[in-house]
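Chemist: With these hints in hand, go ahead and build the complete structure from the sequences.
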Amino acid sequence: MKSQTTELSSPANVSKTKRFFRTMVQQKYLYLMSLPFVIWVVIFSYVPIWGWLMAFQNYKPRNGILDQEWVGFKHFIELFSDERFYLVLRNTLAMSTMGLIVSFTVPVIFALLLNELRQQFFKRTIQTIAYLPHFVSWVVVSGIVTKMLSTDGGAVNELLMSLNLIDQPIQFMAKGEWFWGIVTVADAWKETGWNTIIFLAAMSGIDPELYEASTVDGAGRFRKMWHITLPGIRTTFMVLFILSIGHLISIGFEKQFLLMNPLVIDYAEVLDLYALNYGINLSRYSYGTAIGIFNSVVSIILVFLANFIYKKVTKESVI
Amino acid sequence: MSTQKGLLKQRSIGDRAFDIFNILFMITVGIVTLYPFLNVLAISFNDSVDTVRGGITIIPREFTWENYKTIFAYDTLLTGLRNTVLRTVLGTAIGVMTASMLAYTLSRVDFQARKWMSPLFAMTMYFSGGMIPIYMLMRQLSLIGTFEVYILPALLSVWNVFIVRSYIDGLPYALQESAKLDGANDWVIFWRVILPLCTPVLATIALFVAVGHWNAWFDTYLYNNQKPEFTTLQYELMKVLQSTSTGTNYRDPNAQQAIASVSPESIRMAITIVVTVPILFIYPFLQKYFVKGMTLGAVKS
Numbered sequence: 001m002k003s004q005t006t007e008l009s010s011p012a013n014v015s016k017t018k019r020f021f022r023t024m025v026q027q028k029y030l031y032l033m034s035l036p037f038v039i040w041v042v043i044f045s046y047v048p049i050w051g052w053l054m055a056f057q058n059y060k061p062r063n064g065i066l067d068q069e070w071v072g073f074k075h076f077i078e079l080f081s082d083e084r085f086y087l088v089l090r091n092t093l094a095m096s097t098m099g100l101i102v103s104f105t106v107p108v109i110f111a112l113l114l115n116e117l118r119q120q121f122f123k124r125t126i127q128t129i130a131y132l133p134h135f136v137s138w139v140v141v142s143g144i145v146t147k148m149l150s151t152d153g154g155a156v157n158e159l160l161m162s163l164n165l166i167d168q169p170i171q172f173m174a175k176g177e178w179f180w181g182i183v184t185v186a187d188a189w190k191e192t193g194w195n196t197i198i199f200l201a202a203m204s205g206i207d208p209e210l211y212e213a214s215t216v217d218g219a220g221r222f223r224k225m226w227h228i229t230l231p232g233i234r235t236t237f238m239v240l241f242i243l244s245i246g247h248l249i250s251i252g253f254e255k256q257f258l259l260m261n262p263l264v265i266d267y268a269e270v271l272d273l274y275a276l277n278y279g280i281n282l283s284r285y286s287y288g289t290a291i292g293i294f295n296s297v298v299s300i301i302l303v304f305l306a307n308f309i310y311k312k313v314t315k316e317s318v319i
Numbered sequence: 001m002s003t004q005k006g007l008l009k010q011r012s013i014g015d016r017a018f019d020i021f022n023i024l025f026m027i028t029v030g031i032v033t034l035y036p037f038l039n040v041l042a043i044s045f046n047d048s049v050d051t052v053r054g055g056i057t058i059i060p061r062e063f064t065w066e067n068y069k070t071i072f073a074y075d076t077l078l079t080g081l082r083n084t085v086l087r088t089v090l091g092t093a094i095g096v097m098t099a100s101m102l103a104y105t106l107s108r109v110d111f112q113a114r115k116w117m118s119p120l121f122a123m124t125m126y127f128s129g130g131m132i133p134i135y136m137l138m139r140q141l142s143l144i145g146t147f148e149v150y151i152l153p154a155l156l157s158v159w160n161v162f163i164v165r166s167y168i169d170g171l172p173y174a175l176q177e178s179a180k181l182d183g184a185n186d187w188v189i190f191w192r193v194i195l196p197l198c199t200p201v202l203a204t205i206a207l208f209v210a211v212g213h214w215n216a217w218f219d220t221y222l223y224n225n226q227k228p229e230f231t232t233l234q235y236e237l238m239k240v241l242q243s244t245s246t247g248t249n250y251r252d253p254n255a256q257q258a259i260a261s262v263s264p265e266s267i268r269m270a271i272t273i274v275v276t277v278p279i280l281f282i283y284p285f286l287q288k289y290f291v292k293g294m295t296l297g298a299v300k301s
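These protein sequence lines are chains B and R, in that order. The working numbering numbers the first residue of the first sequence as 1 and each following residue consecutively. The working numbering numbers the first residue of the second sequence as 1 and each following residue consecutively.
Because the hints were derived from the structure by calculation, they are not lab data.
Computed from the model, here is a short list of chain R residues facing chain B with C-beta under 7 angstroms:
no., residue
1, 124
2, 132
3, 241
4, 279
5, 283
Just so it is clear, CB atoms sit at the ideal spot from N, CA and C, and this is done for glycine as well.
Modeler: Shown next, in the form of structure tokens:
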């Protein structure tokens, strides 16, 4: 700060560069603490973007990235004329839409109900239990889901049988039409508790006077939930929702990879798995990259679209 | 207290019915969440021949340590355990250090490079080169088939940087000013003033990073599937689960032998417990921290 004021009196353009370097020396520790990460982020996050060029080439790993045969949009044309691609796109959109709906309704309801619990100790115990599955890997969860749904002694089949709802066990894991539902429910089981954290935080930020005033006005519990609690979390909800829409198409593949088996592959294969199969297992790097680019471009369009609509409605922007 | 009692008296029947329904609902949620874990635990301690008869719920019928003895006699699993512990400890120490260091520099309003550095890092949260370009990069850097592939690409989490930064932003700046007047340089300020104050948020991100490393399996699958010496616990569990659920044979002779002596079901359940238990022991102690951390992250984004 002191150096800046003394510097101001000397000629402008000379002092500007001089001042820049002087500050740089003064902040040498800050540079030492951040520049290594700049190099790291360039290599591990920005260099792969450069790899997008592969989608427009017949990429051969032994040559450099610019020393390749350029083929224009060939891989994209091939991608869009592959029937399998549309099947995979259907699976991706079906599971992501189901996941989006469930992950934005169930946690809100759960948070509302948690918020209504009067016993603080009971509330905390339930929260601790509900957050637990979030920390368990998808590998473990897929094992648990397979176990619970198995036809010999799986808890779900046993329960349904003992309630006389079915006469013989349902082969959940072997029927393709169950797969989307299984992924959605497994995801809800794992993440619902975790997803309530933010909503509960938003609820605790609501002014208690609002509740007091409405009690005086004679509002019941449900009216308070509907007119105070829910509007109180609207902003949080919308921000998270818009951000999630961007992930509609890039939902990852972990759950699908771990829960699927050859019998249900026509319902389980999602875009990332399709890219993994072609791009790495079959070594068609260029084709796999083209799938990845499609994924990223659609995601970006979706985020901007969602943000545009949100802006139109509320006059505010999320990103 | 007296007002609350007054309110209690006023509560209508509908209100009370709702409370009862709510408590019953929460108990159901608790059971649905915990039952699968307890079931797996019971089976892992039950005699494997007896397990095939079915009907085990949450208490072992014929208690045995045999399943655990079998899996811990299996070398690949021990290698996996060693690598998982190593990457978790190393990765967490590095991850916490890097995130807090960068977060501090980016929190300094007077830092002249902040203007371009902040967006450089923030941008990477919104896009990614994708699986194949990243795979090719790892190939070019000769990271495939190495232990470093678990550490280097995940050296820093930009998300965690922004969580720590918003925490530092909330600390009084006067502390830094007075340290500076005492002649401390920026490194000393970070190390002696900022870091000790950041313990709660560092606990949060340590938990996130540790869980991420402990649970990772895909990097082993993608980069180290030809290197049994760099296998990880989750990857081994994944292989055992896939081999029996899809019917593809498990080529590892070690595993063949293990499966022959004890039923695969019991093996799977015992490995599942080994993989899960450490996390379940650590996380309740950190609960108050991560709830805060999550909220901070959300506010920032």
